[in-house]
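Chains as they are written, first to last, in this note's numbering: chain Y, 1 to 706; chain G, 1 to 706.
One should not assume that every hint holds.
Note that the list lumps identical chains together, so a pair holds whenever it fits in one copy or between two copies.
Claimed, not checked - Quick list of in silico lysine-lysine cross-link-like pairs, BS3-like style, CA-CA up to 30 Å:
1. 569 to 54
2. 557 to 298
3. 30 to 126
4. 305 to 198
5. 557 to 54
6. 54 to 305
7. 58 to 645
8. 370 to 543
9. 576 to 374
10. 576 to 371
Keep in mind that the hints were calculated from the coordinates and are not lab data.
Number of protein chains: 2
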Amino acid sequence: MAVPIILSVALIAGIISIVLAIIFRSLVLKEDPGNERMQEVAGYIEEGAKTYLKVQYKVLGIFVGVLFLVMLFLLPNMTNPGTLNWEQALAYLIGCVGSMLAGWLGMYVGVKANTRAAQGCTKGTKAGFDVAFFGGAVMGLAVVGVALIGVSIIYWIFESPLVVLGFSFGASSIALFMKCGGGIFTKTADVGADLVGKAEYNLPEDDPRNPATIADNVGDNVGDIAGMGSDLFDSYVASIVAAMMLAAAFGVIGTIKAPFANVTLTAAGTSVFIVTPVVYCGVGLIASLIGIYVIKKKGSEEPGKALNTGTYLATLIYFAFSALITIALSIGLGSEEVGLLWRIWGTSAIGLGSGIVLGFTSDYFTREDKKPTKNIAHAAKEGHAVVILSGFSYGLLSVAPPAIGVILAMTISFWLAGVFGVAMAAVGMLAIVGTIVTNDAYGPIVDNARAIAEQGELGDEVIRTADKLDSAGNTAKAITKGFAIGAANLTVMALMFSFAEEAGITVIDLLSVNVLIGAFIGVVIPAFFSALLILAVQRNAAKMVDEIRRQFEENPKILTGEEPADFHKTIDIATKGSLRELIIPSILSITVPIGVGIIFGVASLGAFLAGAILSGFVFAVFMSNAGGAWDNAKKWIEDGNLGGKGTEVHKASITGDTVGDPFKDTAGPSINTLLVVMSLTASIFMGLLLMFNDGAGLLGNLLTIF
Amino acid sequence: MAVPIILSVALIAGIISIVLAIIFRSLVLKEDPGNERMQEVAGYIEEGAKTYLKVQYKVLGIFVGVLFLVMLFLLPNMTNPGTLNWEQALAYLIGCVGSMLAGWLGMYVGVKANTRAAQGCTKGTKAGFDVAFFGGAVMGLAVVGVALIGVSIIYWIFESPLVVLGFSFGASSIALFMKCGGGIFTKTADVGADLVGKAEYNLPEDDPRNPATIADNVGDNVGDIAGMGSDLFDSYVASIVAAMMLAAAFGVIGTIKAPFANVTLTAAGTSVFIVTPVVYCGVGLIASLIGIYVIKKKGSEEPGKALNTGTYLATLIYFAFSALITIALSIGLGSEEVGLLWRIWGTSAIGLGSGIVLGFTSDYFTREDKKPTKNIAHAAKEGHAVVILSGFSYGLLSVAPPAIGVILAMTISFWLAGVFGVAMAAVGMLAIVGTIVTNDAYGPIVDNARAIAEQGELGDEVIRTADKLDSAGNTAKAITKGFAIGAANLTVMALMFSFAEEAGITVIDLLSVNVLIGAFIGVVIPAFFSALLILAVQRNAAKMVDEIRRQFEENPKILTGEEPADFHKTIDIATKGSLRELIIPSILSITVPIGVGIIFGVASLGAFLAGAILSGFVFAVFMSNAGGAWDNAKKWIEDGNLGGKGTEVHKASITGDTVGDPFKDTAGPSINTLLVVMSLTASIFMGLLLMFNDGAGLLGNLLTIF
């Protein structure tokens, strides 16, 4: 079938998705925002979130501007050699704006939906669920819609995956800021609020007297909604572009090299394979919409079950619809290419299937009714140190099962369709990301709703309803994390392969010392990066602690509730701190890959990426799961087990939870984005790197056996 | 110069070293063992240590026997094809026995020296220092002496580095048991003693009423003396054999491939290069002996300074003597080969120099007067969780400087003499291991002496003297750790290269999916292994805690000091637990590399080793330094800073220290041994691996682009 027609599937799905997001937004806005106090609190949260985003976007403006100029004037144009690199630079700008837009839209609705969901809870589970879910769906649909529209239009106009790469780089550089900055913000507030409010003054969670309460709620929005949305936007686009680049490269070479069968591509076949990832994502979006519809239908009764049912259903529908579209795609192709197309369909199905499996293993290692989390809770009986050792160990052990999952997915998809198959497995894993993001964004909205219900004094029953909705989001959240890490891993693997194709290197030989050094630096980077982020949270939280103590000491009326705490000051600390602290990590993520490429050469840079991907996987899974398990071990104890709240066991479990906070919400999830940014940087700056000894780098020739 | 003559340098140095060890031993034994109570305590420690070693050696007997039979009957003879593999299997047995012997000798003196050093302290610093230092020197000299005698005699007889490889594999398999088992034992006792004795019953350190006190002291001997000795024995032999194997391989190929200059080897040149690592180590041993002599001379005044001066002096003497021996080695060689020999001398000097630098960076990150440790101590003001986050982050950050150091050493030495240069850098780094082990083994002896002085009621002044001696050992210990990790890293790199030469693979291509999978599994393994060891300590310590509580509850007279605690029971728990818990890790370390090789092929196994080496480096440095920094942050607070002992800040710092215990003394240092064992396993089982599709493995061909 002609490429423009089939590509329109993605474009139309994207447009439908944006239209639905706008409709859902208005459905949310027309709900009752609750009593005056609730509106006041929600107003503070909204104001804080917007202030943060405004400051963040200002800093981003400089960063984006500089990179735009670098791309435009310093990088050679690889699509139309000899001309200014304007297409890629422009696509980069569009990617940045698209990512910011999706983040803004999602968060704008999030901060409106929270108070309305709280008010909904006064009417019952259904009303509360609907508002929160619609709020989450706006984020989910906006992310996927903007991404698909952007990718398909840019490819339609320029017909070059390298230009789409610019779009992806834009999305990633924004995601890095949003994810790291949001992660630091949210944990600065959370840890600060807990350390003084809960531990020193025995204030309950979400108490309005705690000056950091509003900042904590703002953090949920900027970290968990905007940050997570831009993270998945980033992986989604990157997985598509990696597959497109590989398909294009094979088109140039003429052969898809796969062990199962070598297939020589025709020009028509190549253009079909290039758009296949986009089209599959379009189909996945339609499957996601049906999933969302079903969750909305069923969600009012059993919210937790509904979220999962929606995910499974979207998966099955994706399998069926993508098979149908494969039939359409195969029209006019030769039998060898049709066979390859079906194998590619298989890889995308395997990718999605293993995404689900990865979600479940991460769920197992963090669920309070499973052995690891229970053992961690029991370890709390021996004190603070033992609960840390236990969570640390289980976190490290939890790396093995998803690693095996990714290795299996990689093995089978490579066997079916070569490195293009690996890229398509990543695309498949992210195909139903609309549903995934929706389910995930639902979480912080109900979390916020609970806080507003508390502060709006809506009573215990309403809070219990909000709690019920909240706990439904937890499994969904665990599954999302498994998905996000697995998908990012396969995506960056695919990016590494496409980088190698682009660089024209056919071998990355670990026996060459320059390559080994690249791998070495790559393996160290995620550890270094994680340390910077955790130290940032710790430093910032210490400032937050000082500020909260200062407010309580200087104005005792805050504690009696006679005068309001100064929320602005705490939000200001979290905002400024998070932006200051992400300067070094973000500069490193761009400069280190370029530096490795210039000094040790492109083959070394390929190994750098491989090392970072593998070590990043270990750290991302370890930190996410250890953090989740500590969190749930604490909750399990708070449910009355092992003596319950207020005991020494409980205190030890809080230590675990606090250590886990920046693990699971700052460092762990930021690693994905880091990996994507570094991989894209390598590809984007290829033209520059090839200027140094034709890509061998300044020292590369000295370190290779010749 | 003729090879046998020059090789005799190493043999004679080894024999001198053993003779000196025996003399030092008798010097220690003729000292006054102190009062009756001291002798009683020392007797318990000696008995416990011997019991542990006996049980350990029994289990080892089975393990060694099985592996011996496997090597003899299942593995093809690569030296004399077609015959039974008896030479390598025999060398393996000798390596096992040698390692056990060195460990036994060192520990036997250690448990005699402790009470004599305590008694010496009653006469003053000098007397105490002398005994402890002689005790440590016995271990240091025994390790190096046995290793050098073993390697040179085996090579003299069989003239095949592959047979020496068997000796190395024996040393490693024992080291794995000694290091992991000892590490679990010592921390089981330490953590158990602290959690109940110190935290619950407020007993001071080394209080005789605490049933785990003796087990804790036994742990210092089995973990820090015997374990550490066998660990460095292992790295030392492995670095020599890796260099020998590479020299022999290049002899077969005819060319040393180095960027600086390609050199074609003559038969005479090859035989000189093969023995060069052994000869350099012989020279290094002589340098070590002079270093030891100087420390002995100066040590009585300023112990800390003396230990370091000895190390520097040994380094300088090594530079000079190895240059002299290089002149001797070059007799009869052509000018090209002489040039290469001098470059190789350069790589060994660079290796040793960077070992010193690595030691210093690890010292910086763990010293209480430096910023990282101070910041960690200040973090303790914010509570248990923040001190953990801080130490965790600084531990991760501390990976970067030594990584840069190793990368620089690797770059320059490769540039000078190819992969053989990298191997020789490792040899150089370990050349003065005699001094290093001596300084390091001194530590646990004075640590034990302090405990015996406490229990023998020798009074505060004697304890202060013992404390002074103890703190002198700390810097030495930090430097040793840096050395040990850096040397192990370069050694396993060299082993990987020699593995590749042996397997006949010229490329390990990360763009092949089977290779990428190998690297993936390799990167995950050190994390998994660390988790198993930490969980082992945690599980075992919980049993220890239960036992101590039981004794205090069932017999209240223990706490009043009227009746002695039951030491045997606690030693029994630590012994049995540590042996049970190391079964899985030790089986994994042998079976995983074989499994990867059989399934994915030898190239994949090469990448597995590379992945494990790099990720292992990250985890080893991180855990050692985080643990050391937490320990010293606690000590700094105990010195009266930030409120001193008994405050909440102090309690938080104890949490850090307890978390750090298994990090720095169990998991961190065991990773080195794991890496060496896995690398040697890959080489030893080469004949088996090549049986599966000629080394491509069962699946390898399916996952390679062809």
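Hints, verified against the model:
no.	hint	in the structure
1	569 to 54	within (16 Å within a copy, 65 Å between copies)
2	557 to 298	neither (47 Å within a copy, 66 Å between copies)
3	30 to 126	within (16 Å within a copy, 86 Å between copies)
4	305 to 198	neither (33 Å within a copy, 48 Å between copies)
5	557 to 54	neither (32 Å within a copy, 69 Å between copies)
6	54 to 305	neither (37 Å within a copy, 57 Å between copies)
7	58 to 645	neither (44 Å within a copy, 48 Å between copies)
8	370 to 543	between (37 Å within a copy, 22 Å between copies)
9	576 to 374	between (38 Å within a copy, 26 Å between copies)
10	576 to 371	between (41 Å within a copy, 25 Å between copies)
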